[in-house]
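Student: Chains as they are written, first to last, in the numbering used here: chain A, 1 to 435; chain B, 1 to 435; chain C, 1 to 435.
For the record, the hints were derived by calculation from the structure and aren't laboratory data.
Here a beta-carbon is modelled for each residue, glycine too, at the ideal position from N, C-alpha and C.
Straight-line C-alpha distance at most 16 Å; calculated EDC-like pairs for lysine to aspartate or glutamate:
#, chain 1, residue 1, chain 2, residue 2
1, A, Lys420, C, Asp52
2, A, Lys258, B, Asp391
3, A, Lys354, C, Asp52
4, C, Lys258, A, Asp398
5, B, Lys393, A, Asp299
6, C, Lys282, A, Asp404
7, A, Lys282, B, Asp404
8, C, Lys393, B, Asp299
9, B, Lys421, A, Asp52
10, A, Lys92, A, Asp148
11, A, Lys421, C, Asp52
Pulled a few chain C residues facing chain A out of the computed Cβ check, cut under 10 Å:
#, residue
12, Tyr105
13, Pro115
14, Ser119
15, Thr124
16, Ile222
17, Leu225
18, Leu229
19, Arg257
20, Cys286
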Amino acid sequence: MTDLKNMYQLVKKMFPIHRSITGDGNRETLKYIKKIIPIKIKEVPTGTKAFDWKIPLEWKITKAYIKDSKGNTIIDIKNNNLHILSYSRPFKGKIKFKELNKHLYYLKDFPNWIPYRTSYYKDTWGFCLTYNQYKNLNRNETYDVCVDANLFKGSLTYGELIIKGKSKKELLFSTYICHPSMCNDNLSGPVVATYLAKYILKNMNNFYTYRFVFIPESIGSIAYLKKNLKQMKKNTIGGYVLVCLGDAGDFTYLQTRKEKQITDKVSIFALKETKVNYKLRKFHTCGSDERQYNFPGVDLNIGSLMRTKYFEYDEYHTSADNLKFISQNNLEKSYKMYLNCINIFENNHKYYNKTLCEPRLGIHGIWNQIGASKSKEDINMIFRKILYYCDGKNDIIDICKILDKPFEKINNAIKLMLKKKIILKNLKIISKGTQ
Amino acid sequence: MTDLKNMYQLVKKMFPIHRSITGDGNRETLKYIKKIIPIKIKEVPTGTKAFDWKIPLEWKITKAYIKDSKGNTIIDIKNNNLHILSYSRPFKGKIKFKELNKHLYYLKDFPNWIPYRTSYYKDTWGFCLTYNQYKNLNRNETYDVCVDANLFKGSLTYGELIIKGKSKKELLFSTYICHPSMCNDNLSGPVVATYLAKYILKNMNNFYTYRFVFIPESIGSIAYLKKNLKQMKKNTIGGYVLVCLGDAGDFTYLQTRKEKQITDKVSIFALKETKVNYKLRKFHTCGSDERQYNFPGVDLNIGSLMRTKYFEYDEYHTSADNLKFISQNNLEKSYKMYLNCINIFENNHKYYNKTLCEPRLGIHGIWNQIGASKSKEDINMIFRKILYYCDGKNDIIDICKILDKPFEKINNAIKLMLKKKIILKNLKIISKGTQ
Amino acid sequence: MTDLKNMYQLVKKMFPIHRSITGDGNRETLKYIKKIIPIKIKEVPTGTKAFDWKIPLEWKITKAYIKDSKGNTIIDIKNNNLHILSYSRPFKGKIKFKELNKHLYYLKDFPNWIPYRTSYYKDTWGFCLTYNQYKNLNRNETYDVCVDANLFKGSLTYGELIIKGKSKKELLFSTYICHPSMCNDNLSGPVVATYLAKYILKNMNNFYTYRFVFIPESIGSIAYLKKNLKQMKKNTIGGYVLVCLGDAGDFTYLQTRKEKQITDKVSIFALKETKVNYKLRKFHTCGSDERQYNFPGVDLNIGSLMRTKYFEYDEYHTSADNLKFISQNNLEKSYKMYLNCINIFENNHKYYNKTLCEPRLGIHGIWNQIGASKSKEDINMIFRKILYYCDGKNDIIDICKILDKPFEKINNAIKLMLKKKIILKNLKIISKGTQ
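This is chain A alone, in the form it adopts within the complex (with noise of 0.2 Å):
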């Protein structure tokens, strides 16, 4: 695991990337990825339907400032991404400063920080600057603007690793890559995606299939569905959102639309049993691509497990999330936390027992054969218990919650029962939640 180290190096050579929901900029953050691990890229032509959509035209900017009159440059996306309002229609010209103004956005209560605004529908442009900046432009200035963009017949680019398991059963691990120069929304969701499943290729002999999807937000969920649905609502049991995994915050969890699936079960128990503090919300909040993942129809039943949610940190949306807003150290606890959930999903299968009545476990040396002991906690005793609950419905969890003891003992117990054939695995039913 030494080269999880390299995460926030990774996150570092994003950075500067002008990335957009089409363009260049996403192409060159997938070559990042590719590098990691063998995501295919693919692309969906401008004009293509999806759902009540089309995909858009692509958009290159080239050049984006404001000069005074006196030829200073005032704005200039040269300094940061953030400074055009994305999806910006191109202009050129002279305008005084109240035409200008229209097309402004700032922050007033941090006048440090530039927002991050997005036109993609509405035939506009606009530039994005710090309060300060805001207020030292001079009402009374004719200002020269130029939006050097380019609105073409191109593509929308997306990256997409499936990673075959023994199941045809799947799980989704979705992320964007669609937002300019910022970091725990959203560069740390692809970076810890592609290391999560970097270890399944490296390290796992994995159950489920793992489906890997790195996308343009929204626009790119709906294509990505319009694509594959049929397949996806087929075998997709569950799986997440990956956003804001970067900052030092407490974890939070995004519950699915319809709660209590596997997803949210598994989550939830994994929060849980590393008692860490976290908090719980509801679908109605959400604002990624689970939008789509859960749409009545669509039905995937995808939760959300980040640190601080979008919506709950000031520098959300601005240029404060930047380099020094998450750490090293905090994506890693984030990847350790998505990794602890992926070994429950993968071991919380149900069990049935081979034969009616007790079996001698006394003849497997997992019993003490000396009998009717006072000691109420014999160290065998487990065995017996997890066996009352074999019964084909109960998953692990469930017997970590009737016995109130952690997934590793009751796992480990129930391996080495696999092992001695004294109980079987019920592949018949997978899990599918519930509390």
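Put chains B and C on the given structure of chain A with help from the hints.
Tutor: Showing chains B and C alone in chain A's frame:
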């Protein structure tokens, strides 16, 4: 709504009429109602069988008095209809106090009030009087008693108004017209029912069909169910027994026998949302026609929304439940709470999305097109949030509870999205309740 | 019930017998029971297969002692049956203390008590002694050890009594007869079971069939289930393992594995209604034959109603669980609580109304015919309230909970209404529990 002001006046007009479970008093009462809404007045002949019961003889009381040996009138129904034990069998004769005493009913705890008592099924006669009147009777006197009552083959009389709606599914509004000269129980019930029916007829393009029933209590609902149960079981989704609607007490909701039916859901939601104080009562504390409507096998799941519940106020079934005990203001408050429930019933449908994945709200002008705003409560966010729960199963109350928003806000948003054809109404499933 | 007084005497008679999982001690014990109730005594031959198990060789112990080199007797089963590790294999020889020490069992915390230990399935021998005896052993002594035990092809012995009822549906009362010379665990169990069976035979016209089983623990129930499971699965609705019924502690109810089964519902209701203090235990703290009866696939849903639960008192499985530890008074209290449960089981049926709408209670003399009384709790109101819940689905316990009334009050009212043919018993649905 100005003519609402006539509710109290209508009580006043109907107060002096001598009503019982059968007879001209009921017919006269129904004629007052017919002046306001087009009810049909129907007769069920004496002797008609209804489940375990038979329609009794019609009862007509002409005179009823007690005089002392000097000819002084001691008790006379000319002074108060309640003086006669309702449905008394005829009697004429001079009897000693000791004998008379077996036929007297009074309230020691409230020495100035006349109780209201009945003897529909026991072959006897009696007088109700104040305890003060009782105390003044001479224990050695011989009294001249006259109960000039007539029992003959006639009929039981009730009123019915069915207001057709777009749907065959119907709501029952049942109230009773058999109590003589008392206001809260129950002239308040028929009067509020009458004005609700008038409102629906005049002002609503009602979705549901409304069945208004004005019957004598118990035997009336049994006779009515005998005639109409088959059709009612097919179509009735819920409804109310209207009683005790004029006093100054808090609202009380008596739940259906099975609880968590649609009437329970709507009524409790309405009471909570209007933030009034209210009491909740279990079905087994029932006492009026909901006994029959909820009887096992009948199962129409009818609740009762009252002010102070019968049994729970001292004036109940006494001469103190008079014109002073109720007020126009309280009748109006009750009327408005019912109207509130009707409004919720009418709008509380289930909806589903037209598309998989979120629709393009931007093109309908209900989405802020400059995206990525940090503000948590975007003014249009409500539309998106509602759509997550338009799965054809949640009704508006469910969505209100999930999003913790008022009914009108959600209902208005849904109406707009229906108009814009973003969502569709699911009329196959009429909301049937459960919390 | 005067002969109940013999319960403690029966314990006293059976106390000295040397019982184990097989052997003459068990046969002798069953003969004492057979003097009171007509059980059949059955034998299962050594080697008979039962699920994962085989009936072991029969064990007969003749002599067992430890003497010092001077011939002084240090330990002898003549003094206490518990001195021998039950099922010890034969051994004879002079051995040093160091070697003997490996075969000794004692309790440091209770230096005057002999522990009870067993070695049914490990090929060894051993002695149990007090810690004070142990301390006095000479570490340099060579001891003369004699375990004159015999293991031979014989059989496992159990007793069975099936008391036929009107219904084939049956209740299991299982208790074990394999423990030597201890009173609470478990002579109290067979003795209470014997007197319950006697009561049912003599005094009851029982609706359910009762299956009383007196077996050696674990291997006995496994062997019994092997032979009878098919029929028991068809007919058994619940029942109990009888154990620890003579001590002075509060009642304890050990729930069935699945919980909320009919035995749980009846037992917890009975305990609550009698207003005794009681403890509730989860199934996974089980320890006796309910392990087999509730095993996945067996699923007979058997509970255990005890006084202080095994494992939870110091005297458990020691020589201190003696004739002083239990009392006639406590045996009787346990007996009565079981009788209370049996009474509830026998009467707790489901009922339905003969008519739609309320029946005419007045004609049956169970309704106050002078109506409209203001008194909230009319003495006959209970009949009407019960009828609302006679829907063929609620059993009497359900109705007691809804109306918050005692079992006898509701049961008596129901009996009266059955007699008057107002309601009918629903024998198609035997109550199966859920809270």
